[in-house]
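A.B. asks: In case you want the letters, here they are:
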Amino acid sequence: MTVPEVRQHPEHLEWVGKSIPRVEDPKFLRGRGNYIDDYEVPNMLEVAVARSTMAHAKILSIDTSAAEAVPGVVAIVTSENVTDHVNPMPDFGPSPDKHTWYCLAVDKVRYMGEGVAVVAATSRAIAEDAAELIEVEYEPLEPLTDMLAALTDDAPLIHEALESNVPFHRKFAFGDVDGDFAAADVIVRDTLWWGRSGGQPLETVGAVADYDSATGMMTIHVNSMSFTHFLFLLANTLRVPSNKLDLQPHPSGGSFGAKFFEVKTATIAAMMARVTGRPVKFMQDRLDNIANGDHHGSDRYYEVELAAKSDGTLLSTRYKVVDNYGAYIQFGVGQHGNSLAQAVGPYRMSSIGYDLTAVLTNKCQQGAYRGFGSEVGNWILERMVDLMAAELDMDPFEIRRMNFIQPDQFPYFIPTGNVYDSGDYEAVLKKTMELSDYKGWRKRQAEMRAEGRHIGIGVCTCQERSVFSATEFWFWFDEPVAAPVTSAPESVTLKVDAMGAVTATLYSNASWGNSPETMVAQFAAEELGVKPEDVSVVYAGSNQGMPATGPGGSRFTIMVGGAVEGAAQSIRAKAAKIAAHLLEANEDDLVWEDGGFAVRGSPDQRKELAEIALAAHMFKHSLPEEIETGLEASHVQDHPYTTMPNPERTNLGVFYPFVGHASHVVVVEVDPETGRVEFLDYTAVHDCGTVVNPRSVGGQVIGGTVQGLGSTLFEEFLYDEDGVLRTPSFAEYLIPSALDSPTLRVGHNETPSPYTPYGVKGGGEAGRMMAPSAICAAIDDALGIRIRRLPATPERIVEMVDAKD
Amino acid sequence: MSTHDITVTINGAATSASVESRRSLADFLRHDVGLVGTHIGCEQGACGACTVLIGGRSVRSCIMFAVQADGAEIQTVESLAPGAEMHPLQEAFRRHQGLQCGFCTPGMLLRSLELINDNPNLTAEEAREGISSNMCRCTGYQYIVDAVLDAAAEMRAEEG
Amino acid sequence: MKSPPFEYHRAGSATEAAALLGELGFDARILAGGQSLIPLMNLRLAAPGFLVDITHAPDLAGIGANGAGLHVGAAARQRTVELHAETLAAAPVLADAISNAGQVPVRHQGTVVGSIAHADPSAEMPAAFKAQGGTVTAQGAGGTREISSEDFFEGYFTTALEEGELVTGVTVDAWPSGTGHGFLEFSVTKESWPIALAAVMVHVDAGTIDRASVVLGGVAEVPLRRPEAEAILVGSAPGAEVFAGAAEAAAAGIEPLSDSFGSGAYRKKLARVLTRRALTTAAERAGGAT
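Protein sequences appear in the order of chains W, G and U. Under our numbering, the first residue of the first sequence is numbered 1, with each subsequent residue one higher. Under our numbering, the first residue of the second sequence is numbered 1, with each subsequent residue one higher. Under our numbering, the first residue of the third sequence is numbered 1, with each subsequent residue one higher.
Hint data in this document are derived by calculation from the structure and do not stem from the laboratory. Think of the CB as a built atom: it goes at the ideal place given N, C-alpha and C, for glycine as much as any other residue. Among the hints, a few may not be true.
In the SDA-like style, the derived pairs of lysine to any residue whose C-alpha atoms are separated by at most 25 Å in a straight line are [claimed, not checked]: (1) W:K98 to W:E160; (2) W:K443 to W:D395; (3) W:K171 to W:D355; (4) W:K27 to W:K495; (5) W:K531 to G:I54; (6) W:K531 to W:P672; (7) W:K495 to W:F679; (8) W:K27 to G:M86; (9) W:K531 to G:A84; (10) U:K190 to W:G195; (11) W:K577 to W:L614; (12) W:K309 to W:A389; (13) U:K268 to W:H454; (14) W:K531 to G:R94; (15) W:K18 to G:R95; (16) W:K27 to G:T3; (17) W:K531 to W:V636; (18) U:K190 to G:L122; (19) W:K804 to U:R277; (20) U:K190 to W:R453; (21) U:K190 to W:D802; (22) U:K190 to W:F679; (23) U:K268 to W:D802; (24) W:K320 to W:V240; (25) W:K804 to W:N243; (26) W:K574 to W:E584; (27) W:K27 to G:N121; (28) W:K804 to U:E7; (29) W:K495 to W:V481; (30) W:K27 to G:A13; (31) U:K268 to W:V801; (32) W:K27 to G:G71; (33) W:K430 to W:S213; (34) W:K531 to W:W15; (35) U:K190 to W:T152.
Derived list of chain G stretches under chain U, where covered just means 3 residues or more per stretch with a C-beta under 8 Å from a C-beta of chain U [claimed, not checked]: (36) 21-27; (37) 55-65; (38) 75-87; (39) 93-102; (40) 122-133.
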């Protein structure tokens, strides 16, 4: 693919840009969300999973006799026979045959909480009663949770077949890294740690599976797997033909990535449905979700060097990263592609060195969490820029501003090969400073400090990449690559019925707390001249579906916008033919305006879309021969801007092209004796191109910021040296409450993308990608410390203060 | 294990049922009565998704056994809008986009209703502190606070 | 996470509850609000065979003060006690403790006596009860007896109750006018479980502290009285230096355990900081601030 055409965006928009109430909300407000646990069918069984109590152990034997004797128990599958029923789980990782995973542990357990048996019974309570009675005899193996220890020669092996604990290591150089470092006046170095947090949506993952042995059809109702384009992989796991698997989507009670491609829950339900011949529900409980949900976030150790000229001009960054993936590595090292998509941040830097080591340990495996690894990259880069500012005694705003890529430099190719489509970073920073009253706060800070208070102000300026391309799955490896996939589509069908009413059909599992129905309704309304509230939005099951990838990597609004645009064009083209016939006019003389076609210059001569639709549906033989009955069109929107990596992998091509930007300014007060951080002020200005629904974007920014706050200050899946998970519930895994969360001033700057419909860029992950950097800078400023490890818990803050004194 | 006959009033209607002693009130409402608007997030009383009102007071229905509620008057989210019109609180949540995934919403609505009933003139700080009993993983709470304040104003106006 | 099966019994009075406990034996437990017990059952960390629900016993629901103190019945809900005018007057440290404990919906259902009898050494109400001082009334098949708050807490989730006994109520001893209280806790998030807490009372007479109580939570296997700190306070004039010294003494010699919320060393530091600050507040309230 070459560079896409630069679009001319319409000047007047009727619906895009308005904070209309969300289409989704009435059902949620009435408690009729149709969530997966609301779904029940007759004769349905429920399952519970017996989880490993050991972090690392050989399974010697499993005794299910007591469990089987519990009245109501119908079937039990264990580690010993799970491979009779299913194939390994889908795995996008490197050499998956060397770290195979199944829906239950096989031969040995690799983390505390891994499933060793699953019980299907007439109720969940009975299934749990029985699961408790399953006796597993283990031979303990040495537990391993420390990623640096995992690299040593005498470390226990998590997967013996791999012969080490390193499934991936590669050193990349993009641009002349050595040359840039040689030319530097100043080099700052640091070691930084990013702790493991996760999405932890309030609703866990669930599935209801029903296998029809007569037709061979496996139907699974799910609240996970937005990534429907890859469902044939699940069919393979379940040993059903790909055309005999049907996924029926349900709205998800939050995901934040944690349900992105969560396939294990559906696999377990489907396996038990086939074993029992009855419908089976598996609804994870909170412990399943925390301990065994396959979606912990990044868990990284960095050694970083940043090179600059003495005037503050940034030149290059060298990263040495170790990432603790846990027991398996389902998405490979894709989380680092996200970092590399925006590795230079908003700054002009001409080279990047990236030495990446993925490590396996006795923790639950990583999956996706809002940012998918790019939030870590942002934090590291901003930590280093702050360090450089301190080293050069520069104002943290000034060092950022002077290094910004300038508006006339777009499209701007960064050293990794990715492109930034557009931006105006200085405008965002200016707006942030005004909205936050930065100067006023600096003055107040001085006054409050004089009273002995510990006030800090922090700033960050970060990128948000959006719309991933499939090349990100494999550009890590040398060619030939097993599956050099390049498709990441999204589809929509628009139907205008005989009454002129519009229905939009979505083909991915798209409802995750984002606003897919509102987005589609606003786009369809814009394109077809109807009202958003009159657009009916439905979801198709995967078996009747079209190619779709769903939400993830802030892609959905852009991709579905393109799909709606394409489908609407087809509908209008057909409608024009019909209208021309009805108006006895030449098609070229018609203009589309206000939801109908009129003859140019004769506005009275017009046909509304509803009239045209009635004719299209009901009056076949009054219309020209070539016009088929109906008014419906589908469109597959493929990735708008992808280019291939080069064979040497010194350039990864364009893979995340629509790049938003944001600046946060945070004011905190910290209690140095307890480590408590209080937010006095919080300003976030985001530029995600054209904003479709400002209130919705604002909500995403605020919610994402609070999640970022959680990852920064207290959220962590904590494993001790014995591999014991110390945070197995919401009593220990701490989620921010309303009292922990600041009130934000939210601003938008709009730099439309030249390449997307209406100029929209992704914005759903942005808050979490910015907050850690700004909050850490503010705490540092308050106390004269430097945060190098997240989460910066109150205790760690106190330790840093004590170490300073 | 024991089973018990209980009678409760749910959203104004008397309901009798036989429940196992271990049946949580949340599971009873969802699976026995079919009122699935009461959600389950953690089953340990931490998140508040299961909040219902008993005698007008918010409680966590996941850490209460149904048998304990015998004789109680229970209000769930389904009571707020029995007909076509939504409750002013629901309208305010919609106007302000005080929800995203919708999973915490029923509990938030009921807790908010209690807060407004207790103090129709509540401040932003009081609203924020009040809803801090319930977790929301999507919104960062700010638009919920906005919605509660606006709903309180609406409800004050309606009261005249 | 569903509770294991159990047999449910409902007691209509304290006597009936005691009789049921006696009859059902060691595997029976009292169910009051259930806000500590039911989460443990759902997590299958507790699996009592029998529960005796006392919340329908009218004789256990009372709250009332007389000159000697505040009486709280075993079925009285935390939120009711917290908002009760007599609580604020007679046992303000308990009111503070309750308002810091859990969330309002949990306090609607939970009981004060249930929290005290649960004897979690990190919890608010046991520490406040011990700080102000009082009596636990226990009833068993053999009748009732009174246990001092000093003797009630014996270890983690362990009390001086004997098998077959239930707590029917507690009485919190009144302190004379001129008393101030301080209750402070620290938790990692505002709504999470406290890492450490301090519950203190001081009585100031003619500019001198003549009676003091300092109890720490979250630092030992019971709510921990700190006599060394009290000794520093009594006989001294309230002031920053005295409070700092008392706080130092309160934290000296404790050896808190570590968990996911914080290390023992951090808890110890928090104990000192919270004690100092709580004492400062208490002295201000006593009217003896300098």
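A.B. asks: Given the hint that K574 of chain W pairs with E584 of chain W, does the C-alpha gap stay at or below 25 Å?
C.D. replies: Holds, at roughly 15 Å.
A.B. asks: Taking a Cβ-to-Cβ distance below 8 Å as contact, does the stretch 21-27 of chain G have at least three residues touching chain U?
C.D. replies: Since three or more residues must qualify, the claim that chain U covers the stretch 21-27 of chain G holds, with 4 doing so at under 8 Å.
A.B. asks: K27 of chain W and M86 of chain G: Cα distance at most 25 Å?
C.D. replies: The hint holds at about 11 Å.
A.B. asks: CA of K531 of chain W to CA of A84 of chain G, is that 25 Å or under?
C.D. replies: holds (20 Å)
A.B. asks: Can you take a look at whether the stretch 55-65 of chain G is actually covered by chain U? Rule is 3+ residues, C-beta closer than 8 Å.
C.D. replies: Coverage by chain U holds for the stretch 55-65 of chain G (8 residues, Cβ < 8 Å).
A.B. asks: Does H454 of chain W sit within 25 Å of K268 of chain U, going by the straight-line distance between their CA atoms?
C.D. replies: Holds. K268 of chain U to H454 of chain W sits at ~23 Å (cutoff 25 Å).
A.B. asks: Given the hint that K495 of chain W pairs with F679 of chain W, test it: the Cα-Cα distance must not exceed 25 Å.
C.D. replies: violated (49 Å)
A.B. asks: What's the verdict on K27 of chain W and T3 of chain G, does the C-alpha distance respect the 25 Å limit or exceed it?
C.D. replies: violated (34 Å)
A.B. asks: When you check the alpha-carbon spacing of K309 of chain W and A389 of chain W, does it fall within 25 Å?
C.D. replies: Judged against 25 Å, a Cα distance of about 12 Å means the pair holds.
A.B. asks: Can you confirm whether the C-alpha distance between K98 of chain W and E160 of chain W stays at or below 25 Å?
C.D. replies: Status holds; Cα separation ~8 Å.
A.B. asks: If you draw a straight line from the CA of K190 of chain U to the CA of D802 of chain W, is it 25 Å or shorter?
C.D. replies: Status holds; Cα separation ~23 Å.
A.B. asks: Between K268 of chain U and V801 of chain W, is the straight-line Cα distance small enough, at 25 Å or below?
C.D. replies: Judged against 25 Å, a Cα distance of about 16 Å means the pair holds.
Checked against the numbered hints listed earlier, the structure breaks hints 5, 6, 7, 16, 24, 25, 27, 28, 29, 32, 33, 35, 38, 39; every other hint is satisfied.
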